[in-house]
Every structure is written in C-alpha cells, then in structure tokens.
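Undergrad: If you want the building blocks of each chain, they are given just below.
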Amino acid sequence: MRVIDILNKIEGKILTNDQSDVFFEGIYAGDLLSNVMSHARENNLLLTIMSNMNTIAVACLLDLPIILFAEGVIPTDEMIDKANEEKIMLISSKYSVVDIIRKIYGI
Amino acid sequence: MQATGKFVIESMDLDNAGNASSTIKKMLTEAGVSKSIIKRVSIAIYEAEINVVIHSYGGTCTYYIDDEKIRVVFEDTGPGIEDIEQALEPGFSTANNQAITYGFGAGMGLMNIKNASDEFDITSSHLGTTLDIKIYFN
Ligand SMILES: Nc1ncnc2c1ncn2[C@@H]1O[C@H](COP(=O)(O)OP(=O)(O)O)[C@@H](O)[C@H]1O
Ligand SMILES: [Mg+2]
Chain Z
1 MRVIDILNKI EGKILTNDQS DVFFEGIYAG DLLSNVMSHA RENNLLLTIM
51 SNMNTIAVAC LLDLPIILFA EGVIPTDEMI DKANEEKIML ISSKYSVVDI
101 IRKIYGI
Chain F
108 MQATGKFVIE SMDLDNAGNA SSTIKKMLTE AGVSKSIIKR VSIAIYEAEI
158 NVVIHSYGGT CTYYIDDEKI RVVFEDTGPG IEDIEQALEP GFSTANNQAI
208 TYGFGAGMGL MNIKNASDEF DITSSHLGTT LDIKIYFN
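Just so you know, the protein sequences line up as chains Z and F, in that order. My numbering applies: residue 1 is where the first sequence begins, and numbers increase by one. My numbering applies: residue 108 is where the second sequence begins, and numbers increase by one.
The set of hints was computed from the structure by calculation and includes no laboratory data. Take these hints with a grain of salt, some might be off.
In silico DSS-like cross-links for lysine-lysine, where the CA-CA straight-line distance does not exceed 27 Å [claimed, not checked]:
{"id": "1", "chain 1": "F", "residue 1": "221", "chain 2": "F", "residue 2": "176"}
{"id": "2", "chain 1": "Z", "residue 1": "9", "chain 2": "Z", "residue 2": "94"}
{"id": "3", "chain 1": "Z", "residue 1": "87", "chain 2": "F", "residue 2": "221"}
{"id": "4", "chain 1": "F", "residue 1": "113", "chain 2": "Z", "residue 2": "82"}
{"id": "5", "chain 1": "F", "residue 1": "133", "chain 2": "Z", "residue 2": "82"}
{"id": "6", "chain 1": "F", "residue 1": "221", "chain 2": "F", "residue 2": "113"}
{"id": "7", "chain 1": "F", "residue 1": "142", "chain 2": "Z", "residue 2": "82"}
{"id": "8", "chain 1": "F", "residue 1": "146", "chain 2": "F", "residue 2": "133"}
{"id": "9", "chain 1": "F", "residue 1": "133", "chain 2": "F", "residue 2": "221"}
{"id": "10", "chain 1": "Z", "residue 1": "87", "chain 2": "F", "residue 2": "133"}
{"id": "11", "chain 1": "F", "residue 1": "142", "chain 2": "Z", "residue 2": "87"}
{"id": "12", "chain 1": "F", "residue 1": "146", "chain 2": "F", "residue 2": "221"}
{"id": "13", "chain 1": "Z", "residue 1": "82", "chain 2": "Z", "residue 2": "94"}
{"id": "14", "chain 1": "Z", "residue 1": "82", "chain 2": "F", "residue 2": "146"}
Build the full structure now, drawing on both the sequences and the hints.
TA: Spelled out as structure tokens, the structure:
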C-alpha cells in the first residue's frame with residue numbers, strides 16, 4: 001500500500017518534512033512497545049496512540065516506515081525532529097484505531 | 108569486524124532509552140550483517156536497556172562484536188530480581204505507572220530477549236542484575 005491510498009480516507013495529516021509517497025506492507029496496531037517489538041514486521045505501518053520518543057525508537061529498530069497516530073494524538077516537536085532525522089513518516093488522524101482500519105480496508 | 112564499547116544507562120531516563128540498541132543496529136547494518144539477525148539483536152538490546160531504565164537504579168551496557176557474534180552484557184546496581192523464574196513468565200511485571208504510560212510493562216521483555224538470543228544468562232541479587240547474551244551471525 002501507499003500513503004497516497006490512505007491519506008484522504010483517514011483525513012490524515014503528514015507531520016514530517018518529506019511529503020512524498022511512501023510504501024508500506026500491512027499494518028501493526030498496538031500501544032505496548034514490547035508487543036510491537038516482537039510482532040511488528042519490517043515495512044509495517046505502526047498504528048498507535050502511544051506517543052513518546054520510544055515509539056520512534058521502536059519504529060527505527062524495526063524498519064517501520066510510517067507511524068500513524070490515532071485519536072488526534074500529535075507527537076512533540078522533539079519526536080518530529082527525530083523522525084525527520086531517521087526518515088520515518090509521522091501521520092496524525094482524528095479517528096480511532098478501529099475506524100482507521102475500517103476506513104483503510106473499506107470494512 | 109572487531110568492536111567493543113560501553114553505554115551508561117540512567118534510571119528512569121525514559122526519553123533517551125534506546126541509545127545502545129540504535130547505535131549497535133547502525134554498526135551492524137554498516138557491517139552488512141543480515142536483517143533478520145539485526146532484528147533479533149535490536150529486540151534483545153532494546154528490551155534489556157528498557158529494563159535497566161525502568162526497573163533498576165541505573166547501569167551499563169557493554170558490547171563485544173567479532174566476526175562470528177555479538178555479546179552484550181548489561182550490569183546494574185540493584186535492586187535486583189527476587190524470583191527470576193517468575194520474572195521470565197510472560198505477563199509478569201512490576202513496572203510502575205510512569206513506565207506504563209510510556210508503553211512499557213507488558214511483562215514480555217525478558218521472554219523477548221531470551222527468544223531473540225542464542226545464549227542467555229541472567230544472575231541477580233539485591234546488589235544488581237547481570238544479563239549476558241550472545242547472538243551469532245550465522
Ligand atoms: N534489570 C532489572 N532489575 C530489576 N528487576 C528487573 C530487571 N529486569 C527485569 N526485572 C523484573 O522482571 C520483570 C519482568 O521483566 P520484563 O519481562 O522485561 O517485563 P516488563 O519490563 O514489561 O515488566 C520486571 O517487571 C521486573 O520486576
Ligand atoms: Mg521489560
């Protein structure tokens with residue numbers, strides 16, 4: 001999937017500098033970072049409401065290209081700077097995790 | 108490849124946790140180690156760093172890399188793990204509220220570290236915990 005395919009559906013806003021299209025392969029949704037660590041796979045989009053520097057660190061360690069924050073969660077400027085540096089795209093959407101998944105997959 | 112180094116890990120410094128794992132991941136990536144090995148190394152070191160941050164008074168992470176493996180030793184200054192068997196059980200956690208609001212405390216860390224490692228050794232007393240892991244590149 002591509003960011004361009006989902007952005008309008010979820011009314012998402014890209015918070016990082018690079019606004020170009022990014023590919024991802026499936027979604028991993030979760031807030032407990034140990035679960036993300038053991039279950040998310042490379043190139044997954046990480047869908048979460050957990051917003052702190054560790055969220056970026058985990059995405060970076062696992063090569064997750066996109067973090068999509070649900071429920072209108074907005075990361076700090078420090079997180080956005082780190083994500084820019086690590087080339088991870090941050091997106092925020094006002095919808096809940098479940099609504100985001102429904103909108104993306106049309107279910 | 109031959110490399111060794113040491114990181115200091117501060118207690119409850121949640122925002123800077125992950126320094127050792129991200130630095131070592133970058134080194135192994137540059138050295139051409141396979142992605143699946145790097146993922147296991149990253150998981151093990153990250154979980155172990157977080158444990159020192161959220162459960163201990165602080166400590167160090169020392170790594171030794173050679174052509175065949177990476178060995179990483181985490182040493183902290185207490186308060187130690189009362190019952191290691193119990194600590195290894197999935198879901199067991201004594202993480203405090205601050206750690207939980209950061210997304211930690213699932214009680215999966217030690218198990219994740221053990222599963223990711225080829226060799227896993229943990230010893231603990233009230234004076235501190237030592238975790239010694241090895242992951243082979245082939
Ligand atoms: N370095 C450490 N010092 C003291 N206690 C520890 C340490 N590492 C782990 N523990 C204990 O083992 C438990 C289980 O650890 P872990 O499986 O990583 O789960 P979590 O970190 O999510 O609590 C912790 O809740 C804690 O009680
Ligand atoms: Mg842990």
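Undergrad: Give me the numbers of the hints this structure contradicts, sorted from smallest to largest.
TA: 3
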